[in-house]
Structures are given as structure tokens and as C-alpha cells.
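J.: Protein chains in written order, with the UniProt record's numbering: chain X, 1 to 287; chain E, 1 to 241.
If you are wondering where the hints come from, they were derived from the structure by calculation, not from laboratory data.
This one's a predicted model, so the numbers in the text were calculated from it and none came from an experiment.
Even glycine gets a Cβ: it sits at the ideal position worked out from N, Cα and C.
Treat each hint with caution, since some may be false.
[Unchecked claim] Stretches of chain E that chain X covers, calculated by requiring three or more beta carbons in the stretch to come under 8 Å of a beta carbon on chain X:
| id | region |
| --- | --- |
| 1 | 70-77 |
| 2 | 107-114 |
| 3 | 149-159 |
| 4 | 219-229 |
[Stated by the list, open to error] A few chain E residues that face chain X, going by a derived Cβ cut-off under 8 Å, partial list only:
| id | residue |
| --- | --- |
| 5 | Ser-35 |
| 6 | Asp-118 |
| 7 | Phe-206 |
| 8 | Gln-234 |
| 9 | Tyr-237 |
[To be verified] Ranges between beta-carbon positions, derived for each pair:
| id | chain 1 | residue 1 | chain 2 | residue 2 | range |
| --- | --- | --- | --- | --- | --- |
| 10 | X | Ser-260 | E | Gly-13 | 36 to 44 Å |
| 11 | X | Ser-219 | E | Pro-148 | 28 to 36 Å |
| 12 | E | Met-1 | X | Arg-245 | 29 to 37 Å |
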Amino acid sequence: MVGLSAGEKHFIQGGIAQDLRADGRKRLNYRPIYVETGVIPQADGSAKVKMGATEVIASVKLDLARPNPSQPGKGKVSLFVSCSATAGPMFEGRGSEELSAELSVALQRCLLGGKSGAGAAFDPSCLSIVDGKLCWDAYIDGLVVSADGNLLDALGAAIKAALTNTRVPVANVPAGASLDEDPDVDLSSQETTRIDTSGVPVIVTLTKVGRHYIVDATSEEESQMSSAVSVSINKERRICGLTKRGGAGLDPSIILDMISVASHVSEQLMNKLDSEIAAAEADEQDT
Amino acid sequence: MEYVNPEGIREDGRRPLEMRHLHAEIGTVARADGSAVFEMGNTKVIAAVYGPREVQNRSQQLNDQALVRCEYTMPNFSTGDRMRKPKGDRRSTEISLVIRQTMEACILTHLMPRSQIDIFVQVLSADGGTRSACINAATLALADAGIPMRDLVTSCSAGYLNSTPLLDLSYFEDSAGGPDVTVGILPKLDKVTLLQMDARLPIDIFENVVQLATEGCKAVANYIHEVLLENTKQLEYRRGL
């Protein structure tokens, strides 16, 4: 990536201070968000989200497995993000490991809930087939195809859309079958159930440049940040996860202020996402 | 197992000489110098080109031509069963090499000495013929990046099952264990740049199958031509010409 000159840096910082960013947005405006679902035919659920030049794909795959003995009535969910080399030569070979790990952990924190299973984005008991013996393991994979800032928000949106798009096959286990060895699971009925994603939070990242915060930073704006706080908020305006990045220290009152601004912005983002996802699902059903 | 039923219809409803549906888009990755998405049926591949740019590793710099590098990756979710290791496994390394050699043969590297051209290919969804889809996507991405080339490179696969030559194998047909021939050609110059085959095939049938794959390549070349022409018209329109 080409570096920025002193003049360009000044332009970005000055613009943000005057509530007029380089692409004409105000500080708290998102770029146009475009959602498409069902983009990966082999996956059980998938979605592609574009925010400006940032493009990410999320997929959900379900595999039959034994549930965790400590949570017999729930399926297991795992989440992993990787950055494709198409996003930039810096992601070639092992270059993407650090960023992928950072994004994976931040998303796991927001969406997967604690060890007891409480606080997860969706209830994993919808993945259970036979209590204690058979369940679906959900593998959520995120892929960054093109990176122009604000990857976390885009990935959060894509995962929410992919989960909404997921169809869980209805598995019929013949009664009386022994479940200690591999049972004969009947997946021939084409029926599917859906996952209730009304509780899935959205992630809002606030990037602090100078004395102001902006939402949905491009990678040039991110290069000028002093710190960034990503807040994950659900429909009830409750915080589901929090991550702070960047070396500069922040006064606690500023963090509280950023959280309240994020909460305010999240409502707009949540509504926009819900309507985009519904439109994408309707589109997919038509084709 | 029956791959072609008595009426001559394949498992996915195609005739033996019929290709899957093709779809391509140019310019999808805004930050790349050139990019393209190429779909052959359910196989979907995205390619991005970065270059010509300064060589990152001085020891690899070539003084009389450009250095062409390629990386091929398949994410965990692209195949039917979830894969464990998306990068660096032997198949990916081999395909990266194959794509690099094929594209290097057609890029006019002597026009860009001491520079580097990176081609990154990412498989989004694999259903047979990924190698071919990757080469087609790379060609489009290089054209989008404006990198000078001798000709387009197009690729297609063909096989031979139930005594019938079949064009453009899907994953189901590929996994039957029969021969799988992948051909890459320079359509205008009418030259073959890539020829790979696995399993066994008698020589006279081999010629037929290669001929079939070459016809498939030409059909892909026609489609790519249309896509590029349409893209150029769009660019002209946006510039107000």
C-alpha cells in the first residue's frame, strides 16, 4: 500500500475535525452497504457483504457430531476468519496470520458467548438432534476478499446474514437405533429449519482520529487513528462485546462516550442490515 | 456407475459436449490493479493482480524481465467436506506453479524488467475444473490490470466416462476415477500452453478428448472476449465518450 504524504494526512485529519470526510461522508455515516446471500452453493448458509471497497464473505457449514458432555442439549459452534491474498500482497503466504487471529478472537468474543454457553449470539440448542448423543457442529468461516478498512463491522454483518441464510437440515434418527456407534441418520427429507438470529448483535467500530470519532473508517483513515473501540450491540441495546485497538491510551470518560455513540449508531446499522438481509433473502428465493 | 444415462444425459442434466454455464465479472476488488470473478457452473473463483510493481525480494529480481508470482488458495468452506489446511498443502502449491507457468508464457515480461507481477487466486466454491476456472479468472484479471499479453489464455477440462468423451467435468464426474484432461490454449495464436492428464487413456481416444477440451477453450475465449468488450464499452461510457 502506498504511504500517505504529510498533506494528505493533514487533509484527512482536518476533514474529520470539520465533520466532512474525504469521500463526503459525515463522521457517523456508513458507506453504502450491499448484502447478497447464498453465494456459496456448498455451504449450508453464506453471505457476501460490501461496504464501499471492503468485501467479505461468511459461510456456515454444519457437520454431524457428538455434543460436548457438559452441554448435552446444544451443538458446538466455532468461528474462524482468514484474509485472502486477493485483498493485498501483504496477506500472501503467512502474512495474514496476525490479522486473521485478531479478527477471529474479536468476533468469537462478540458472538460465541462464555464457557457455559450463555451469552451466545444465537441459541445453540437449535442445533441439537438427540440430546446428549447427536448434534450439528456449526463452523462459521469468514473470508476477507478486499480490504478497505472496517473489517470487523463487515465481518459481523456478513456472519449475521450467513446465519440468517442457514438452513439446518431436519435429521430423522430411527427410533431405537443404537447411538453409541455411528447411527444411520436419515437426511433424505428436504425439510430444513432456520436459526433464530434476532439476538445476533452488530459490531460498530469507532475510530478516534484527533479529538473526534468516526464510524466505518477507510484504510487511509485507519492509518491516521490513535485508537479504535469496537462495540458489539444487540437489538435490546445491550453490549455483547468490546475490543479496544491501538496504542494510545484513552481516558475512561472517553470510552464511555464512545460506547454511547456506538449504541446510538448501532440502531441505524441494525435496521439497515435487517432490511438488506431480508431483501437479499427474498432475491435469492426468487432466483 | 452410470455417468451418462442411455438417453445420453449426464448427472447434472447436460449433454456430453455441453459446457456448464459461464459467468464473469471484472473489477470486483477495488484495491487491486486488476481483478475478476469467474464462474463455471458451481465452481467460483476470484483472481486479483497486483503489479507491475517494485520487486519485494531483491534477490529474486530479474534484470531483463518481470517476475511473475502466483498463489492459489482454497478456503475451508469451498469443498463439500470442510478442509483443515487452506494454504501450503501440496495440491495448492502444484496448482500455483501450474498457473504461474501458464500465465508467464503469455505475459510480455521483457517489457517490464526489474518488476514483479503478483497473481492471487482464491477459490470460493469448488465443483470440478478449479484449475481451468483459475486460469480463466487470471486472464481476465491481467487484462483488467492492463498488463501486456501475447494473447488471452483460456482453459477447459474434458474426460472420458462410459465410453463417451465429456466436456467440462463436474466434481462428481471427476471423482469417478476416469481420465481428466485439462488444456490451456492461446486462442488467437492457436497454441497449447497447458496440457495435464491423470489416469489412463488409449492414444486415439486421447486425441479426441484433447480436441474436445480445445473446443471448450475456444468457447471460453469467445465468452471472455464478449465480457472484455462489454467492460470497455462501460469504461468509454463512463468517460463520456
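J.: Hint by hint, say whether it matches the structure.
T.: Taking the hints in turn, this is what the structure says about them:
1. 70-77: holds (count 5)
2. 107-114: With 0 residues in contact (Cβ-Cβ under 8 Å with chain X), the coverage given for the region 107-114 of chain E is violated.
3. 149-159: Result for this restraint: violated, n = 0.
4. 219-229: violated (count 0)
5. Ser-35: holds, 7 Å
6. Asp-118: holds, 5 Å
7. Phe-206: violated, 32 Å
8. Gln-234: Because about 18 Å separates Gln-234 of chain E from the closest Cβ in chain X, which is outside the 8 Å limit, the hint is violated.
9. Tyr-237: violated, 21 Å
10. X:Ser-260 - E:Gly-13: 36 to 44 Å: Taking Cβ atoms as reference, Ser-260 of chain X and Gly-13 of chain E lie about 57 Å apart, which means the hint is violated.
11. X:Ser-219 - E:Pro-148: 28 to 36 Å: holds, 29 Å
12. E:Met-1 - X:Arg-245: 29 to 37 Å: violated, 54 Å
Of the hints listed earlier, those the structure fails to meet are numbers 2, 3, 4, 7, 8, 9, 10 and 12, in rising order.
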